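Could you build the full structure based on these sequences and the hints that come with them?
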Amino acid sequence: MKIIDNLRRYAVSTFFLSGLCFTINAQTAPEASPPKAKESEVYCAGFIEYAPAPYRFEIVGGEQEQERRVYSAGDYVYINAGTAQGIRNGQEFSIIRPRGQFTTKLTKKKGWLGVYTQEVGQLRVVDVKERVSVAVITKSCETILLGDLLRAAYPRPAPDLSAERTFNRFADPSNKKRGRIILARDGQEMISTNQVVFIDLGEEDGLRVGDRLVIYRPVGTGNVTRFRDEEVVPNASGGFESERFRGGKFSNQSQRVKDGNSTGIFGPTVNTPEIKRRRPQLPRKIVGELVVTNVQRRASTGIITQVAQEIITGDYVEVR
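The numbering of the sequence shown is our numbering, which starts it at 1 and goes up by one.
I should point out that these hints are in silico values taken from the structure, not numbers from a laboratory.
Check each hint, because a few of them may be wrong.
Claimed, not checked - The calculated label-pair distances, taken between Cβ atoms and stated as ranges, are:
{"#": "1", "residue 1": "A152", "residue 2": "D127", "range": "15 to 21 Å"}
{"#": "2", "residue 1": "L146", "residue 2": "P35", "range": "32 to 38 Å"}
{"#": "3", "residue 1": "G74", "residue 2": "K36", "range": "38 to 44 Å"}
{"#": "4", "residue 1": "E65", "residue 2": "Q85", "range": "18 to 24 Å"}
{"#": "5", "residue 1": "N223", "residue 2": "P157", "range": "33 to 39 Å"}
{"#": "6", "residue 1": "R124", "residue 2": "Q66", "range": "22 to 28 Å"}
{"#": "7", "residue 1": "G61", "residue 2": "R297", "range": "32 to 38 Å"}
{"#": "8", "residue 1": "K36", "residue 2": "S72", "range": "22 to 28 Å"}
{"#": "9", "residue 1": "K129", "residue 2": "P157", "range": "34 to 40 Å"}
{"#": "10", "residue 1": "G220", "residue 2": "R124", "range": "50 to 56 Å"}
Stated by the list, open to error - Within a straight-line C-alpha distance of at most 30 Å, the following computed DSS-like cross-link-like pairs (lysine-lysine) qualify:
{"#": "11", "residue 1": "K129", "residue 2": "K109"}
{"#": "12", "residue 1": "K276", "residue 2": "K105"}
{"#": "13", "residue 1": "K276", "residue 2": "K176"}
{"#": "14", "residue 1": "K36", "residue 2": "K110"}
Given the structure is predicted, the values throughout are model-derived calculations rather than measurements.
Don't be surprised by glycine CBs; every beta carbon is placed ideally from N, CA and C.
Set out below in C-alpha cells:
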C-alpha cells in the first residue's frame, strides 16, 4: 500500500510485485490559475470620476474618539444616516475621499477629466438607529478620518494580471486608442510593477476592464535630468606623437571628421545632434504594460504588470 501511495502522482502505470499486478491511476496536479488583481489593488486604487453624484452619507464620529482621530480596520464608527434614510443592518459602503477636479497638461483632452477620488476603506453597518448608525470598518487602505464620505459598495471584477511571456520591446504600433499616464497613486513619478496608475482613456474611448495597454515613449526621452546632447571633445590638432617614437598624429579623444579622405584631420566634424536630425524615424521605446482595473467616463485606473525599465508619469499608452 505504501508503494501505491507513493506512486499516485505519476501516469497510469502497471507494476508487478511478488506476482501481483498493480494498476495505478494518475492524479495530475491542477494547472495553476493566472494571478488576479489583489483586493488592495482593486478596492484601494482610487479613480477619476467625471461627474460624481452628491454624497449624502459620511463618517461623523467614532466609538473611541475621545482618544483618537484616525481609524482603521476593526474600529467602530458612526455615520450620519439611519432608518430614516433607508439604512439597514449588514449594508456595506466604500469609504472615499474626493481630492478635487483633476486637470493636467499631459492630456490632449479639453476640460477637466473628473474628480480625483481616493478609496480609503470599506465598512459594514452593524446597528441602525433612526438618524445615525454604527458601522465597523472591514478594510482600511490608509488611515480613515471623520468627514470621509461613503458610497455603496459593489463587487468589481479582478482582472488577470499575468505577464506575457514574450515581451516585444520593439513591437510596431497597433494603431488603436492612445493616451498617457497622467497620475500615479500616492503622487509617485517613477513607477514600477504592481503599482497603480491613472490614464486619460475611459468609457468614451471604448476602454473596458481587463484591457491591456503598451506603455511607451519616444526614443531618447525620459531622463529626469536633461543633458546637453552633443559631444564635448578637444579640437583636432597635430603633434600628438612624440618626437622620438612617432606613435601617430591622431588622438582617440579628438573630434571625428566627416570625410578624412579629402580633408584630413582638420575638416568638418561629425556630431551627434546632426546624426539625429538626418536619421530615419526610429522605433518607439516600449517600457512596460498595464491592465485596466476600473473604467470611468474620461479616465481609467490600471496596474503595471510588466516593465523594461522605470515608467514615468507622462509616458504614452496604446491599447494592444
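Cross-check of the supplied hints:
no. : hint                    : in the structure
1   : A152 - D127: 15 to 21 Å : 19 Å, holds
2   : L146 - P35: 32 to 38 Å  : 37 Å, holds
3   : G74 - K36: 38 to 44 Å   : 26 Å, violated
4   : E65 - Q85: 18 to 24 Å   : 22 Å, holds
5   : N223 - P157: 33 to 39 Å : 37 Å, holds
6   : R124 - Q66: 22 to 28 Å  : 23 Å, holds
7   : G61 - R297: 32 to 38 Å  : 34 Å, holds
8   : K36 - S72: 22 to 28 Å   : 25 Å, holds
9   : K129 - P157: 34 to 40 Å : 35 Å, holds
10  : G220 - R124: 50 to 56 Å : 52 Å, holds
11  : K129 - K109             : 46 Å, violated
12  : K276 - K105             : 27 Å, holds
13  : K276 - K176             : 28 Å, holds
14  : K36 - K110              : 34 Å, violated
Going down the numbered hints, you'll see the structure goes against 3, 11 and 14, while the others check out.
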